[in-house]
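Q: When you get a sec, could you build the whole thing from the sequences and use the hints?
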Amino acid sequence: MSDPTSAVDTARGARFAAYDELVASVRAGGLGPDPAGLRIAVAFTTRQAVRHEGRSGGYRNEVLSLRLGAAVGSCAVEPGALPERAVEECAGVDVARLLEHPLPAVRVAALDAYLMHLAPHTPGNGARPVPLPAGTSLEKSVARARAVVELLELPVGATVLVVGVVNSLLAELRGRGLGYVPCDLKGGRTEWGEEVVTDALTAAGRCDALLVSGMTLGNGTFEPLRRHAVRHGKQLVMFAQTGSAVLPRFLGHGVSAVCAEPYPFFWLDGGPGVVHRYGGPRADDGYGGACPEGSR
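All the letters of the sequence shown, read from the start, carry residue numbers 1466 to 1761 under my numbering.
Label-pair ranges, simulated between beta-carbon atoms: (1) GLU1604 with ARG1641: 17 to 27 angstroms; (2) GLY1653 with GLU1688: 22 to 32 angstroms; (3) ARG1692 with PRO1548: 28 to 38 angstroms.
The hints are simulated quantities; they were obtained by calculation from the structure and are not laboratory data. Beta carbons: idealized from backbone N, C-alpha and C, even for Gly.
A: Right, here's the structure in full:
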């Protein structure tokens, strides 16, 4: 006789070979409760503007977050791109309806909230917590960058495509003797004056590994990069506020590791914090073998 508890646990830890497959399974109740029976209690946005001491430039972030029970799912957006009505349209609405919302950010945040509700970032669900010390936003950004870059296994001199330019990540790569190609849809230049390319998939062809922001879930560029990693056997490490509970579902299917950072993000508080790693070196997690996008 089969064990129903074991079957539920297997479904909770299921991995997927494509984003659409994951969404379809959630909609059908294949991983747990019917999303039509779960309602979002709170919807909110978090906006920030930052200029770290000692850095030449600043940046802005905006994140949509949805609360389902104790879980919060999030999706970062370009500042000013989210309509004001979006928050009101989400509060009190069931997850199934939000998975069909016309705004990609709402769909991703709803999926993230559902999966976080189903399997929060705990050791029992395969997460390996990495503490972040108390400190300034820059100090915590540097600590987070170290936790992310440690998930790469590359020889000195290898080149990494960095999608979603975070200067602390670039500095950590430089300190480890790794080259990089910075990529961001906004273009521009890095802290060191390097040109930021805008076509990630074209740049990926000349890189040995990919270090990619979870924001790619919201702008539709995640799947092409995941398929590139599968096709060419490259490491794909995700750093994620956006979709922190979504991206571990693709471990073994293009994604090699995830540094997950659910809400509240480290730049909201000067106290100690934590990120959660899945996959990567010395991995022994429940998925079989993961920080914010904008901590620059």
